[in-house]
Amino acid sequence: MTKFSLALFLALVSPSSAWTPLTMKAESANVATRRDYLVKGAALATSIAIPAAANAYAVPDLKYPYEALEPIIDAPTMKIHHDKHHGTYVANINKAMEGKEQPPILDLMADALDARAIRNSGGGHYNHAFFWDEMAPPDVAAKTKPSAELEGLIKNSFGSMDKMKAEFEAASAPGAVFGSGWVWVVVNQAGDKLSVVGTPNQDNPLMKGVLAEGVAFPILGIDVWEHAYYLKYQNVRPDYVKAWWKVVNWDKVSENCAYVVKNHCGVSIREG
205 MTKFSLALFL
215 ALVSPSSAWT
225 PLTMKAESAN
235 VATRRDYLVK
245 GAALATSIAI
255 PAAANAYAVP
265 DLKYPYEALE
275 PIIDAPTMKI
285 HHDKHHGTYV
295 ANINKAMEGK
305 EQPPILDLMA
315 DALDARAIRN
325 SGGGHYNHAF
335 FWDEMAPPDV
345 AAKTKPSAEL
355 EGLIKNSFGS
365 MDKMKAEFEA
375 ASAPGAVFGS
385 GWVWVVVNQA
395 GDKLSVVGTP
405 NQDNPLMKGV
415 LAEGVAFPIL
425 GIDVWEHAYY
435 LKYQNVRPDY
445 VKAWWKVVNW
455 DKVSENCAYV
465 VKNHCGVSIR
475 EG
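The numbering of the sequence shown is our numbering, which starts it at 205 and goes up by one.
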């Protein structure tokens, strides 16, 4: 805290004996309480001493209530996952980037493996923000469907939607992604083929060096860290993955696909 802000704060919160009859009379006339001065003084001192970073990353609000994905994903899991886990990744990437330029998090993904904080916390921020927006309440998700473009890619790449889901579920199994990680449907760099890939921890296919075949662009992804499902599904990850299809917003996935195919780059996330 600066000398100026400390002095201002002390002046506002000094004992009542330091107040003259004149100032006490003025205080009474303005119907201001001692608590008002404490709150205002603390707020002003803090704002002077600790300016907020205008370009800091932030956890984006969910587009639906915590309980909206029930019974597929329970409200306590959503609240803890969104507020605490995602919040921690954001706090850590902001700490790592303090005093530096903070571009859109998407811009940091390609070279994330060169910096541990960006790989772990920056990846965690991107992955989770991507995850929230591809889901919708079950009744809403049921009314969405893949676009003609996405349907064509699914058919050409996997043979059918059912075969794609089967491959995705197999890739999500504990034996395929050991421990913590993510599973994705990605578009290749040419924009003409889909594939299913898994990544460990908070890595994603946008990071150079994560996939042997090179960078790919996610259009759909699931978090298979235990914190994403354990309260409801315990250690039965396959049940969580199979149920999760009921909250996938295919309109959003189709939008992601169209963007990637057209622009040959990753999808931007909401930055808060």
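Worth double-checking, as some hints may not be accurate.
Unchecked claim - Here are the in silico distance ranges between beta carbons for each label pair:
1. PRO269 <-> GLY476: 33 to 41 Å
2. GLU305 <-> GLU271: 22 to 30 Å
3. PRO280 <-> LYS347: 23 to 31 Å
4. LYS288 <-> ALA370: 28 to 36 Å
5. GLY413 <-> SER472: 28 to 36 Å
6. THR348 <-> SER472: 18 to 26 Å
As the list claims (entries may be wrong) - Calculated pairs, BS3-like style, for lysine-lysine (alpha carbon to alpha carbon, straight line, at most 27 Å):
7. LYS450 <-> LYS349
8. LYS267 <-> LYS288
9. LYS367 <-> LYS267
10. LYS359 <-> LYS349
11. LYS466 <-> LYS359
12. LYS359 <-> LYS267
Just so you know, these hints were derived from the structure itself, not from any lab. Glycine included, every Cβ here is placed at the ideal spot set by N, Cα and C.
Each hint, compared with the structure:
1. At about 18 Å, the beta-carbon gap between PRO269 and GLY476 misses the expected band of 33 to 41 Å.
2. Under the hint 22 to 30 Å, the C-beta atoms of GLU305 and GLU271, about 38 Å apart, miss the expected range.
3. Look at PRO280 against LYS347: about 27 Å separates their beta carbons, and that is inside 23 to 31 Å.
4. Evaluation of the 28 to 36 Å hint for LYS288 and ALA370 yields a pass: the beta carbon distance comes to about 33 Å.
5. Checking the proposed 28 to 36 Å range against GLY413 and SER472 shows it is violated: the Cβ atoms sit about 22 Å from each other.
6. Range check, THR348 to SER472: about 21 Å between beta-carbon atoms, so the 18 to 26 Å window is met.
7. At most 27 Å may separate the alpha-carbon atoms for a hinted pair to count; LYS450 and LYS349 meet this at roughly 12 Å.
8. For the given pair, LYS267 sits about 17 Å from LYS288 by alpha-carbon distance, which is consistent with the 27 Å threshold.
9. At most 27 Å may separate the alpha-carbon atoms for a hinted pair to count; LYS367 and LYS267 exceed this at roughly 30 Å.
10. For the suggested pair LYS359 and LYS349, the alpha carbons sit about 14 Å apart, so the restraint of at most 27 Å is met.
11. Of the supplied pair hints, the one linking LYS466 and LYS359 holds, its CA atoms being roughly 19 Å apart against a limit of 27 Å.
12. At roughly 30 Å between alpha-carbon atoms, LYS359 and LYS267 are farther apart than 27 Å, so this suggested pair is violated.
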